[in-house]
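Residue numbers for the sequence shown follow UniProt numbering, so the first one is 1 and each next one is one higher.
No wet-lab data here; the hints were simulated from the structure. Keep in mind that a hint or two might mislead.
[As the list claims (entries may be wrong)] For lysine-lysine, the following DSSO-like pairs were computed, each having C-alpha atoms within a straight-line distance of at most 27 Å: (1) LYS62 x LYS116; (2) LYS98 x LYS62; (3) LYS62 x LYS104; (4) LYS89 x LYS62; (5) LYS104 x LYS55; (6) LYS104 x LYS195; (7) LYS89 x LYS196; (8) LYS171 x LYS195; (9) LYS68 x LYS101; (10) LYS141 x LYS80; (11) LYS104 x LYS116; (12) LYS141 x LYS55; (13) LYS104 x LYS89; (14) LYS195 x LYS141; (15) LYS141 x LYS98; (16) LYS98 x LYS196; (17) LYS116 x LYS80; (18) LYS62 x LYS171; (19) LYS141 x LYS116; (20) LYS55 x LYS196; (21) LYS68 x LYS80; (22) LYS171 x LYS141; (23) LYS80 x LYS171.
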Amino acid sequence: MNGEIQNNSTKKAMVLENIKGILKKKQTWILIGTILGIFIAKSLFFSSGSGLTHKEFEDELKSMSDGKISIVDSEVIPDKDGESIYKAKWNGINIVIKIDKHEKMVLPYIVMSQPKYMLNEISIGQYQELITNLSRLADPKLSDSDSEHLITNDLNFNVVVMSGQEHSTSKHGISYSLAELDSNNTYSFIVQPEKKE
């Protein structure tokens, strides 16, 4: 009987050791799976290819503006190394955005107004509305009111229009600048990754 108890204890100990070994292997695979999952999520959401296609960009811009901003004059121009440049015009306003190898739009976004002598109150309002919506597309963390505050207050839109002074700000690792370009008397809005110092 004593031998039987010892035999059962030995069997239980062996079973427990086997279970521990299996659990350790499972934990290792769970850890590897978790790490791989993080890398995959990071590459999907934070890589340079995480932007929108040009069609998605145009659709999103139209949706954000309740149908007011509908781009019908656009083209994708092939560049080097499989990248491209997206060029569009909306009511005389030029938009230029880089497209990466994955056909996704990436920063910088550049928006140029018509020359000042061609602008009136309506076209200035359209320019403001476009760059407000583009700031939200560049940074989905911005709400409607955040993007309006960014353009109107942080970049001092009216001051730039009246005086031509350059204003810039940064939020969530993205840099925004608004200025009048002396060379051709147009307004320039640039959204780009914030430079690390």
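Structure-based check of all given hints:
Straight-line distance between C-alpha atoms of LYS62 and LYS116 comes to about 25 Å, which keeps the hinted pair within the 27 Å bound. For the given pair, LYS98 sits about 20 Å from LYS62 by alpha-carbon distance, which is consistent with the 27 Å threshold. Taking the CA atoms of LYS62 and LYS104, the gap is about 18 Å. The hint holds against a cut of 27 Å. Only pairs whose Cα atoms come within 27 Å are accepted, and LYS89 paired with LYS62 is accepted, the gap being roughly 14 Å.
Between the alpha carbons of LYS104 and LYS55 the distance comes to roughly 10 Å, so the proposed pair stays at or under 27 Å and holds. This hinted pair checks out: LYS104 and LYS195 have alpha carbons roughly 21 Å apart, not beyond 27 Å. At roughly 32 Å between alpha-carbon atoms, LYS89 and LYS196 are farther apart than 27 Å, so this suggested pair is violated. For the hint linking LYS171 to LYS195, the alpha-carbon distance of about 12 Å falls within 27 Å, and the restraint holds.
For the proposed pair LYS68 and LYS101, the alpha carbon gap of about 30 Å is over 27 Å, so the pair is violated. Under the criterion of a C-alpha separation no larger than 27 Å, the hint pairing LYS141 with LYS80 is inconsistent with the structure, at around 31 Å. Distance check on the hinted pair: LYS104 and LYS116 sit about 32 Å apart at the alpha-carbon level, beyond 27 Å; violated. Of the supplied pair hints, the one linking LYS141 and LYS55 holds, its CA atoms being roughly 21 Å apart against a limit of 27 Å.
Taking the CA atoms of LYS104 and LYS89, the gap is about 19 Å. The hint holds against a cut of 27 Å. Taking the CA atoms of LYS195 and LYS141, the gap is near 19 Å; set against the 27 Å cutoff, the hint holds. Between the alpha carbons of LYS141 and LYS98 the distance comes to roughly 21 Å, so the proposed pair stays at or under 27 Å and holds. In summary, the hint linking LYS98 to LYS196 is supported, as the alpha carbons are separated by about 20 Å, within the 27 Å threshold.
Between the alpha carbons of LYS116 and LYS80 the distance comes to roughly 33 Å, so the proposed pair goes past 27 Å and is violated. Under the criterion of a C-alpha separation no larger than 27 Å, the hint pairing LYS62 with LYS171 is consistent with the structure, at around 24 Å. The hinted pair formed by LYS141 and LYS116 fails the criterion: a straight-line CA distance of about 32 Å is larger than 27 Å. Taken as a hint, the LYS55 and LYS196 pair is broken in the structure, with Cα atoms around 31 Å apart against an allowance of 27 Å.
Of the pairs offered as hints, the one joining LYS68 and LYS80 is violated, with about 34 Å between alpha carbons and a cut-off of 27 Å exceeded. Pair hint LYS171 plus LYS141 holds up; C-alpha atoms about 10 Å apart against a cutoff of 27 Å. Proposed proximity of LYS80 and LYS171 is contradicted: the alpha carbons are some 30 Å apart, above 27 Å.
Checked against the numbered hints listed earlier, the structure breaks hints 7, 9, 10, 11, 17, 19, 20, 21 and 23; every other hint is satisfied.
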